[in-house]
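Q: Full structure from sequences and hints, please.
First to last, the protein sequences are chains A and B.
Residues 67 to 401 (this note's numbering) make up the first sequence, in order.
Residues 67 to 401 (this note's numbering) make up the second sequence, in order.
Think of the hints as simulated: they come from the structure by calculation, not from any bench.
Note that this is a predicted model, so its numbers are computed, not measured.
The list makes no distinction among identical chains, and a pair is therefore deemed to hold if it is satisfied within one copy or across any two copies.
Below are the DSSO-like pairs computed for lysine-lysine, each with C-alpha atoms no more than 30 Å apart in a straight line: (1) Lys137 <-> Lys79; (2) Lys79 <-> Lys68; (3) Lys138 <-> Lys69; (4) Lys79 <-> Lys141; (5) Lys262 <-> Lys141.
There are 2 protein chains.
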Amino acid sequence: MKKIGNSTYKTEKNPSITYFASAVGEKEGQGPLGQYFHKVFLDMYMGETTWEKAESRLQKTVAQMVLNQSKKQAKDIDLIFAGDLLNQCTASAFGMKDMNIPYMGQYGACSTMIQSIISAVTAIESGGASACLCVTSSHFCSAERQYRYPLEYGGFRTPTAQWTVTGAGGCLLEPSGAGQTVSYIVPGKIVDLGIKDANNMGAAMAPAAADTISAFFRDTSTTPQDYDMIFTGDLGAVGSKLLAELLRKDGYETEGRHKDCGAMIFDCEDKQVCAGGSGCGCCASVLCSYILKSMEKKELNNVLVAATGALLSPTTSGQNQSIPGIAHLINIVNL
Amino acid sequence: MKKIGNSTYKTEKNPSITYFASAVGEKEGQGPLGQYFHKVFLDMYMGETTWEKAESRLQKTVAQMVLNQSKKQAKDIDLIFAGDLLNQCTASAFGMKDMNIPYMGQYGACSTMIQSIISAVTAIESGGASACLCVTSSHFCSAERQYRYPLEYGGFRTPTAQWTVTGAGGCLLEPSGAGQTVSYIVPGKIVDLGIKDANNMGAAMAPAAADTISAFFRDTSTTPQDYDMIFTGDLGAVGSKLLAELLRKDGYETEGRHKDCGAMIFDCEDKQVCAGGSGCGCCASVLCSYILKSMEKKELNNVLVAATGALLSPTTSGQNQSIPGIAHLINIVNL
Chain A
67 MKKIGNSTYK TEKNPSITYF ASAVGEKEGQ GPLGQYFHKV FLDMYMGETT
117 WEKAESRLQK TVAQMVLNQS KKQAKDIDLI FAGDLLNQCT ASAFGMKDMN
167 IPYMGQYGAC STMIQSIISA VTAIESGGAS ACLCVTSSHF CSAERQYRYP
217 LEYGGFRTPT AQWTVTGAGG CLLEPSGAGQ TVSYIVPGKI VDLGIKDANN
267 MGAAMAPAAA DTISAFFRDT STTPQDYDMI FTGDLGAVGS KLLAELLRKD
317 GYETEGRHKD CGAMIFDCED KQVCAGGSGC GCCASVLCSY ILKSMEKKEL
367 NNVLVAATGA LLSPTTSGQN QSIPGIAHLI NIVNL
Chain B
67 MKKIGNSTYK TEKNPSITYF ASAVGEKEGQ GPLGQYFHKV FLDMYMGETT
117 WEKAESRLQK TVAQMVLNQS KKQAKDIDLI FAGDLLNQCT ASAFGMKDMN
167 IPYMGQYGAC STMIQSIISA VTAIESGGAS ACLCVTSSHF CSAERQYRYP
217 LEYGGFRTPT AQWTVTGAGG CLLEPSGAGQ TVSYIVPGKI VDLGIKDANN
267 MGAAMAPAAA DTISAFFRDT STTPQDYDMI FTGDLGAVGS KLLAELLRKD
317 GYETEGRHKD CGAMIFDCED KQVCAGGSGC GCCASVLCSY ILKSMEKKEL
367 NNVLVAATGA LLSPTTSGQN QSIPGIAHLI NIVNL
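A: Structure, rendered in structure tokens:
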């Protein structure tokens, strides 16, 4: 691939998403995108004994669906790129450990799915890999007890708090030109404007999203109007508004051209989910359902997907540190 | 790059380690490799107010030393690959957040440095990147309180327990052919033989190391005798013995050809460190000091470095899960 401008890379081997699958929990299944998901689990344990094992089950489920669709076996896959929000990324390690495929653990918080796809695209562009699997997940219950309070505590949520999506998305990247092709990638920089409210991550991540998206428009001399839609990972309602303002300051009007996976996945009348969904499984499950299915049907032909991540931990928040944000972007086209 | 056999990739653009730096704590500075480190901190806080911030300081220190040596500025670096052991990889995010360089967070437990170098090599081989920075770290105090007990508790250690290294290593990869060249890479598979003792990670990781190293010998039709030395990341004394036995079963004799970074970094008479050092900073600081300096002096000209990782978390151990191991390998040569 070739570097263009300061931050963007143009692919040259047609790295394409040839197969994809998504699996979510009941709440996501009942949401506006319910019909698009490949599998909806009605039980939050998904047949396992703990929520953490359930999250690994989500990853295994989508990985197996992708392999089944592709009629490939483990030995046909060169690399797995996977990640999640659990401490030491164990949902992925335990989800993928029996696959018998070389494994590269990724961590970009809620941006991990797009970071994984960027890594897979790079491996294909290197000439070395010819099939890479990307999988990421999150689970409301495993995240809630790790990051916030035991669920039994029943704590109230602030209006800006996002709801961790129970879901996983998985996809296969091949240098085929069939399927949906990743034509540009933009690995993002960490942006930290000093926001410290861990219940308002949309505000912490929006500047990073604006930074990456603006860089892409500058590097490619394009504007929002050149794309069918710009999807962000999980800025939610609050962060989305902020992103529009920031891009407007850079001279880019996104009115009618921007949707946020976190805002799309839940019913906005549902007070419980407040500002929208989040988690590594949010962008992953929406990409590997609604977005790619809409591209297959040619309802969308040229989209940007910019997943955002908040690179904090309970420890850094406890030590009164700010929340660094990051956003990685890919441009997917129907060739 | 080109895939060779089942697991190995041969590089084609001479991706080379052109600059490197290491920084460690006082205990490591007093150990057998003390003279090789670029910087020894005598204070475990390194001028910061918390151990977690101190670990980020280690990363900043080595990154800045590498940039200074190379006379490059942030804008000359395409990508950072970094990782650590803290929850949500925050030592890296906070260490690298002000660099203003695109950032890809890596997680492979103690194998993260070699995973990062593999990612950097892949980015260079893709033709897209021309300078990538790799940095990983660990800190005894931040790890101990996150993984085991508050230090004040003064818990006894089992004889097989390893001691988390306080240290970081950083290096710059460029397609130059100058410096030390990464000629082959092997991204490892997760191997889980059911070991559950979190105080005996060497035993959990040795099968993964054997799997990756054997795969490399098979794919390249070489033997241990073709290399000046095989370095493993941090199997420690217990895991090293096990690795030798496992490789012998595969027909490879490593007697006199194998050293373990975890066993090298501390004085083996020091009862406190028991089975040796571990952590993302162990392999990183030994690679970016003793190993690469020995190669510069032509005392070593052709080495394998296989870093191992134990992909567990306190939660998975608490849920009685086994410890999945992984090992990533690179072959570094003086051209």
